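Modelling step: build the complete structure from the supplied sequences, incorporating the hints.
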Amino acid sequence: MKAGVILGTLVLVALIFLYEWPRINRTQKKEKVVFIVLLSLGTILAIMLILNPDLPGPTQMIEYIYKPLGRMLEK
Amino acid sequence: MIEKGKISAMQMGIMMYPTITATAILLVPAITARYAKQDMWLSPFWASLIGFLTVYIAVQLHHLYPQKTLIEYSEDILGKFLGKAVGFIFLFFYLHANGIIIREYGEFVVGNFLSHTPLVVVMGSMILVCSFAVRSGVEVIGRLAEVIVPVVIILILANIILLIPDMKVENMFPIMEKGIMPSLMGAIIPQGWFTEFLLIAFLLPYVDDRNKGKKWGMISVTAVMLTLSLINIAVLFVLGGITSRFLYPAFSAVRYVSIADFLEHIEAIVMALWVAGVFVKIAVFYYALVLGTAQWLNLSDYRPITFPIGFLLLLFAVWSAPNLIELIHFLGSSSPFYRISIQTGIPLILLFIAKWRRKTNNQKLTQQG
Amino acid sequence: MSIVQKAAKILFVSVHLILLSGCWDRTEVNDLALIVGLGIDQKKDGKIMLTAELIVPQAVGGGGQMMGGGGGSGVSGQTVVRSGTGTTVADAISNLQEKLSRRVFWGHTKVVVFGEKAAKAGIRQHLDFLSRNPQIRLRSNVLVSKGTAKSVLELLPPIEQSSAEVLRELSESQLLLRVTIKEAMQMLSSDADVAALPMVKILPPEKGKKDLQTIAFIQRTAIFKKDKMIGDIDDKLTRGVLWLRNEIKRANVTVTLKGEKGNITATLIRAHTEFIPKYEKGKWKMIVKVTAEDDIILNGTKLDLLNPKYTKMIEKELENETNKRIRAALKTVQKEMKADIFDFADIFHRKYPREWNQVKNRWEQIFPTVEVIVETKAYVRRPGVNTAPQGLPEQEVKQ
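Chains as they are written, first to last, in the working numbering: chain A, 1 to 75; chain B, 1 to 369; chain C, 1 to 399.
By construction, these hints were calculated from the structure, which means they are not laboratory data. The structure displayed is predicted, hence computed values, not measured ones. It cannot be assumed that every hint is accurate.
[Unchecked claim] When the alpha-carbon atoms are kept at most 27 Å apart in a straight line, the in silico DSS-like pairs for lysine-lysine are as follows:
| id | chain 1 | residue 1 | chain 2 | residue 2 |
| --- | --- | --- | --- | --- |
| 1 | C | K312 | C | K225 |
| 2 | C | K281 | B | K168 |
| 3 | C | K351 | B | K37 |
| 4 | B | K178 | C | K283 |
| 5 | A | K30 | B | K178 |
| 6 | C | K225 | B | K168 |
| 7 | B | K168 | C | K285 |
| 8 | B | K37 | A | K30 |
| 9 | C | K249 | C | K324 |
| 10 | B | K68 | B | K6 |
| 11 | C | K360 | B | K178 |
| 12 | B | K168 | C | K278 |
| 13 | C | K281 | B | K178 |
| 14 | B | K37 | C | K360 |
Listed below in structure tokens is the structure:
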């Protein structure tokens, strides 16, 4: 099951890559690097989330920081 | 400049309208009602103050750095290292905030209509549509907004008119039973939405008639304020004391419409047009994020990173909350402070430092001269 | 353009084709059974029995023509009534679904009927289920039935397509009480914490008809405290209650004039009730100002109604009659049942928030002691389209 979802994700990533890569100019070295880095970041995150859906997310982090203020509104 | 398109100040104002209202009419009325009870219609007025302040800050900063966006001038103001750090905070914020917006949209659609469709598919298809709009640039989003927003406004008004037969004005009384505090408490959540007006800092550099930027920003805030207040009044009149028991009170009220036994079940139309409004909202956030990232990394074009960031947005939307309950809890507790500190607090500090720098620079110049 | 690029484009488009059709929530009409009426009963062992009146789309589709051609022969029998049992309503539904070949669809639920036993056991959890479900409409009418809800839904009405439709039409006519799910929830979460729901009774079938060929009609009003039914009042008292809730839409009032033989009946055109709460020296007082505009529809006396003197007299009598009805309702509901279904609590709360908050917790004891002053004002606007009484020799008419 999980392998299937990961495979699907990889297909999606491949599609994005195939769509965008030929459109970037050859001279745009930096853009190519950023594109690859962002896409791989996404892929890694996606696989992590698929393998462990309960991974603490950004919201928990923000909530941890703002907890003292947020408690004011809790009833 | 990366973005070569131009929009008018009016287009900017129109773009901002659904950017605030689209999701503010979902969960917010219920949260407001929980604190403000029958004074919930007052809350948007208090909340809008922060909207006016945010527009003012953004416009002032824009006057100091006319050609630049938020990400670019934070570097000018704070220096390379700190500027990049603040830029990163903004980018992370917009990534996270847009993730939450997409999640709200997905939860609403799945919770009310497509209960068996996986959330990821609903959110993913929306992001895909938005990414094409974002790739086409600010001009296209502006024109889309110009087409969509009038319809959305007419729709909101039409629905309120259709609900009139079911309204009970008594539900409003006693006004301010426990003083002004409940309505102020109820304003804390919507004011988080009003801080989103900071997004005009990403749009102002591309506005043609820049002297009108402030005017249209303020008009937009006023329009949003009136809309939210009107919706709150309508919901309060129809549902009364049980408003806070509903997840999406405005939607529950629309479902209640029935005129002469045949004009009913209209929520499908409402839904279709509302989705168009959300589309503008997500596109504007998405655009700011993509443009900001490109500027942060000094890229020559933002289009190549649109899809990778869209993919990240989808992941953040999934990642931002394990379930709807956690999401609402976050929106009802920490999120308003989170939003206000980043979208109004940091820009305010930036503005002070920028003003102060100008002053000392001018002094130096006069001393040298 | 390279082959890879072409392939990517084609793949890109085909992915959309799959995604955009929305396979997961595809609903075909011929896979659905539309629930139009819902009955909730409590069985002796405490289990919930849920009865659903279903419309099968196909049968109704052809029904229109059949009705036209067959002279109404095909009208009944288009709906199916099935029941399921379980510990909660939701449980009962899955049990019901087992017995159905089609998936139930809630979007067209018109009425929800509570059996008397279920009503007495408490309806809160059922209402919660109904409002939590995204398909059910808050506008569905809520009723209580004398006897079981199943017996009401099983009927095969001669005029309408389903008994749910009968009940909805009767509710919407607003002759007696009309309550939607939303209103029921509002009443139960209001300050007073009581509710009034219309109550239906089965009309005995005409001679020669089968037992089921009849309808249920709204005849009484069930009174709830918290979420449990504590009693019911008849249609006469209900009309009095409607005046006090400012919900009266239609009424015929028959009066007799002093010293005159025969009756005069007036029909209500417009009515309005205004509530003026008063709080004086620790005493709660409510002034109820009723204004009614009537037309005369029947004149059984010998009076020529064009004479303004008689109009005044009729108005006076109408006021007395209305007063009497309201008083009777107050006596039963306020003094005996002690249930604030007129929502006086909210009215006091709005006018005197501070004072009211002090007595909020013992409102149930205070409510019966509230002094209610009824001031009625009736206006006769028109004598119908006749002047002097019809069918009477000229000389007998009293000018």
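Tell me the hint numbers this structure goes against, listed in increasing order. 1, 2, 5, 8
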